[in-house]
Amino acid sequence: METSHVRKSLGEETTFAQDIISHEKLIIELNKIIDSLCVEINKRNLVAKTLILKIKYFNFKFHTKSKIFPLYFHKKDMIQKIALELFDELYASPLATRLMGLSVSNINH
Numbered sequence: 001m002e003t004s005h006v007r008k009s010l011g012e013e014t015t016f017a018q019d020i021i022s023h024e025k026l027i028i029e030l031n032k033i034i035d036s037l038c039v040e041i042n043k044r045n046l047v048a049k050t051l052i053l054k055i056k057y058f059n060f061k062f063h064t065k066s067k068i069f070p071l072y073f074h075k076k077d078m079i080q081k082i083a084l085e086l087f088d089e090l091y092a093s094p095l096a097t098r099l100m101g102l103s104v105s106n107i108n109h
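Just so you know, full-length UniProt numbering puts 20 at position 20 of the sequence shown, and the rest follows in order with no gaps.
Just so you know, not all the hints are guaranteed correct.
Stated by the list, open to error - So the derived label-pair ranges between C-beta atoms look like this:
{"id": "1", "residue 1": "70", "residue 2": "15", "range": "15 to 23 Å"}
{"id": "2", "residue 1": "45", "residue 2": "17", "range": "16 to 24 Å"}
{"id": "3", "residue 1": "93", "residue 2": "43", "range": "17 to 25 Å"}
{"id": "4", "residue 1": "93", "residue 2": "72", "range": "12 to 20 Å"}
{"id": "5", "residue 1": "19", "residue 2": "47", "range": "12 to 20 Å"}
{"id": "6", "residue 1": "68", "residue 2": "17", "range": "19 to 27 Å"}
{"id": "7", "residue 1": "14", "residue 2": "108", "range": "21 to 29 Å"}
{"id": "8", "residue 1": "35", "residue 2": "62", "range": "30 to 38 Å"}
{"id": "9", "residue 1": "15", "residue 2": "40", "range": "27 to 35 Å"}
{"id": "10", "residue 1": "25", "residue 2": "109", "range": "14 to 22 Å"}
{"id": "11", "residue 1": "60", "residue 2": "108", "range": "18 to 26 Å"}
{"id": "12", "residue 1": "10", "residue 2": "85", "range": "30 to 38 Å"}
{"id": "13", "residue 1": "71", "residue 2": "15", "range": "30 to 38 Å"}
{"id": "14", "residue 1": "61", "residue 2": "109", "range": "31 to 39 Å"}
Bear in mind the hints are in silico, worked out from the structure with no lab data behind them.
Positions of the beta carbon are idealized from the N, C-alpha and C atoms, including for glycine.
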């Protein structure tokens, strides 16, 4: 019997050793996550229509922000631009951050 798995999303996330509140440090960490995600997207020859940013705060509450596009994207500069926009929307009320993740969905080969 052979089964095939159709991937619906792909993501990268990081749990920080210590909570981070600094905007600059969070941007550095987000750029690391973007780099890792882009490597995986390119390795798998994927394109996506949705980008999702997830942040878990010190109090274990999650916030997510996403953006859906009518056309597929895969280039790092586009992913970085969108991710930073989503981050800035969530950072409007800064809290100590425990985890940050970035994923793509509505993916295709």
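A quick look at each hint next to the structure:
1. Distance hint for residue 70 and residue 15: a CB-CB separation of about 33 Å, inconsistent with the stated range 15 to 23 Å.
2. In this structure the hint that residue 45 and residue 17 lie 16 to 24 Å apart at CB is violated, the actual value being about 34 Å.
3. Against the hinted window of 17 to 25 Å, the Cβ-Cβ separation of residue 93 and residue 43 comes to about 36 Å, which falls outside the hint.
4. Checked against the hint of 12 to 20 Å, the C-beta distance between residue 93 and residue 72 comes to roughly 32 Å, which is inconsistent with it.
5. Range check, residue 19 to residue 47: Cβ separation about 34 Å, and the 12 to 20 Å hint is violated.
6. At about 33 Å, the CB distance of residue 68 to residue 17 disagrees with the hint of 19 to 27 Å.
7. A hinted range of 21 to 29 Å holds for the C-beta pair residue 14 and residue 108, which are about 26 Å apart.
8. Distance hint check for residue 35 and residue 62: the Cβ-Cβ separation is about 23 Å, which falls outside the suggested range of 30 to 38 Å.
9. One distance hint, 27 to 35 Å for the beta-carbon pair residue 15 and residue 40, is violated here, with the actual separation near 18 Å.
10. Restraint check, residue 25 to residue 109: a C-beta distance of roughly 35 Å breaks the suggested window 14 to 22 Å.
11. Our hint of 18 to 26 Å for residue 60 and residue 108 is violated, since their Cβ atoms are close to 34 Å apart.
12. Judged by the Cβ atoms, the range 30 to 38 Å given for residue 10 and residue 85 is violated: they are separated by roughly 20 Å.
13. Between residue 71 and residue 15 the CB atoms are about 33 Å apart, so this pair conforms to the stated range of 30 to 38 Å.
14. Evaluation of the 31 to 39 Å hint for residue 61 and residue 109 yields a pass: the beta carbon distance comes to about 35 Å.
In summary, the structure is inconsistent with hints 1, 2, 3, 4, 5, 6, 8, 9, 10, 11 and 12 from the numbered list given earlier, while agreeing with the others.
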